[in-house]
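Number of protein chains: 2
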Amino acid sequence: MTKKKLERVGFQGELGAFSQEAVRQLLGASVEVVPCQRFEDVFVKLAKKNVAAAVIPIENSLAGSVHENYDHLLHFDVRIAGETNVRISHNLIAPPGVPFRKIRRVYSHPVALNQCLDFFAHNPKLEREPFYDTAGSVKMIMEQRPPDAAAIASAVAAEIYGGRILRRSLEDDRRNFTRFFLLRRSGDAKQAPTRHKGRTEWKTSVVFSTRNIPGALFRCLSAFALRDLNLTKIESRPLRGKPWEYLFYVDYLSRVDAPASQNALGHLRELADFLRVLGCYPMERGA
Amino acid sequence: MTKKKLERVGFQGELGAFSQEAVRQLLGASVEVVPCQRFEDVFVKLAKKNVAAAVIPIENSLAGSVHENYDHLLHFDVRIAGETNVRISHNLIAPPGVPFRKIRRVYSHPVALNQCLDFFAHNPKLEREPFYDTAGSVKMIMEQRPPDAAAIASAVAAEIYGGRILRRSLEDDRRNFTRFFLLRRSGDAKQAPTRHKGRTEWKTSVVFSTRNIPGALFRCLSAFALRDLNLTKIESRPLRGKPWEYLFYVDYLSRVDAPASQNALGHLRELADFLRVLGCYPMERGA
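Protein chains in written order, with my numbering: chain V, 1 to 287; chain U, 1 to 287.
Calculated from the structure, these hints are not laboratory results. One or more hints might be untrue.
Per the computed footprint, the stretches of chain V lying under chain U, defined by three or more beta-carbons under 8 Å from a beta-carbon of chain U, are [unchecked claim]:
id : stretch
1  : 58 to 71
2  : 216 to 226
3  : 230 to 237
Negatives, chain U to chain V, calculated, CB over 10 Å [what the hints assert, rightly or not]:
id : residue
4  : 28
5  : 29
6  : 63
7  : 184
8  : 201
9  : 257
10 : 270
None of the values given here were measured: they were computed from a predicted structure. For glycine and all other residues, C-beta sits at the position ideal for the given N, C-alpha and C.
Taking the hints into account, I'd like the entire structure generated from these sequences.
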């Protein structure tokens, strides 16, 4: 009996990162996860065919967008093939035997530290120590066993590395979700549209730039508004090398090949200096 | 002879931070600078009248917006009273006697580390160590004198703390500017409009939210477009507690009290769920 070769999927962070939960939600458990240290490494691995797919965070409901990934979406030849929202819950994790009263330093990713400000305000003895990754901070304290340090990460990270959860749900706001994109190479054959129960709504993501003249963005958005296409997200990013000029990333509800969408993109092409479709994918409900 | 009491101005970071250069550009050298550890502390000090003014970074031409400060602008009762752009140039700084070949760890603010990726790609032996502040990382290595560590910060920070510059202009892109806002309390008497040489252009900054319905943002932007008001910036921020709904921050070229601006704001008030004017200030040319 031949064992089916598992699809390799890249993500940033150590095993136990929230991105790994996003991989599970998007592709199920039967994949081989490939942890990478930096977001750029994830895109490079996908472009070089070291992995078949990649999963990256694109925005958090509290912290806002992951700008670096918007930039990578533009510079690598990839397409967005799916999205999912992961509920983010932060836990204070220490090596077994280290009690809460001994903790003085708390390691985690700066975004996670910043989402637990009430906890730190109530515990002024705790110093926040920025680390490159949430799950990685658990791995580090379990390896180095400093007697006065803890980490903030997911419950899964505590389980994987054998840490003990001292406090649960440290996050200031329980409505803390991160939206992730599933990426594939642009050239790879499109998957057959996934079967979803009930009516599937589709999202299309595009990026465009305009000259900095009065009403330019307004005219570009008219391409969508005149066709009743609902924008779910607009994000501006500075254009490298052109200080204070901007790229716009827009998500709207429609299949890319629907007539209204095709007309809108045709219209937008007349108005924008630059336009690229980043992907079309089933919208995830909820969050 | 009585010594004139200097105006106290808060900023985030240690002495030598880029924010201190912004203070000098906005208010000259005759002020007392009050360094704060966190952005929130700067806003709290201003609100509590510990300082008369504050200077905060709002966006970088490469890294994008400083989201946390957009949130604070909404939650504190302050107004934007000025803007300035500071050219960001990063230097590798070590204690005197530590040669480049000994360096293994480089401390700095994550945004600064992220703006020197080419330098790190060419020097793969160097580990990037995130620190809460650029100038603070210089202060730390000068106090602790680790034999294998350097910091990335401004030339002014090297001078203040006695560090030696080993490499200059590490930044990937020379067109690296940060835009800073001068803030004052909303209630404080408006300054007389500053005299500027030549014609002064004014900017107004507002924040608004809309329901998430098709064309809502488009209709809001029509309030500006129909009056030929030029937007120089639009930024969306997630609404806390309402996942995937957004606030919009808009800057446009006009005095807030000009007729077109007043008409636009009246129109926008009809369309938006929420609207606040954050300030009106002379536009800085250049960058």
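Against chain V, does residue 184 of chain U hold up as non-interface, every C-beta pair farther apart than 10 Å? The claim holds: residue 184 of chain U sits with its nearest Cβ about 24 Å from chain V, beyond 10 Å.
How about the stretch 58 to 71 of chain V: do at least three of its residues have a C-beta closer than 8 Å to a C-beta of chain U? holds (count 8)
Just to make sure I understand the rule, a stretch counts as covered if three or more of its residues have a C-beta closer than 8 Å to a C-beta of the chain. Does the stretch 216 to 226 of chain V meet that for chain U? holds (count 7)
Decide, holds or violated, for the assertion that all CB atoms of chain V are farther than 10 Å from the CB of residue 63 of chain U. Residue 63 of chain U not clear of chain V: closest Cβ-Cβ about 7 Å, inside 10 Å.
Taking the shortest Cβ-to-Cβ distance between residue 201 of chain U and chain V, state whether it exceeds 10 Å. holds (13 Å)
Run the C-beta distances from residue 257 of chain U to all of chain V and say if the shortest one exceeds 10 Å. holds (20 Å)
Check the non-interface label on residue 29 of chain U: least C-beta distance to chain V beyond 10 Å or not. holds (26 Å)
Examine the stretch 230 to 237 of chain V for residues whose CB is less than 8 Å from any CB of chain U, and state whether their number is three or more. holds (count 8)
Is the Cβ of residue 270 of chain U more than 10 Å away from each Cβ in chain V? holds (17 Å)
Compute the least Cβ-Cβ separation between residue 28 of chain U and chain V, then decide whether it is above 10 Å. holds (25 Å)
Figure legend: structure checked against the earlier numbered hints; the only hint not met is number 6.
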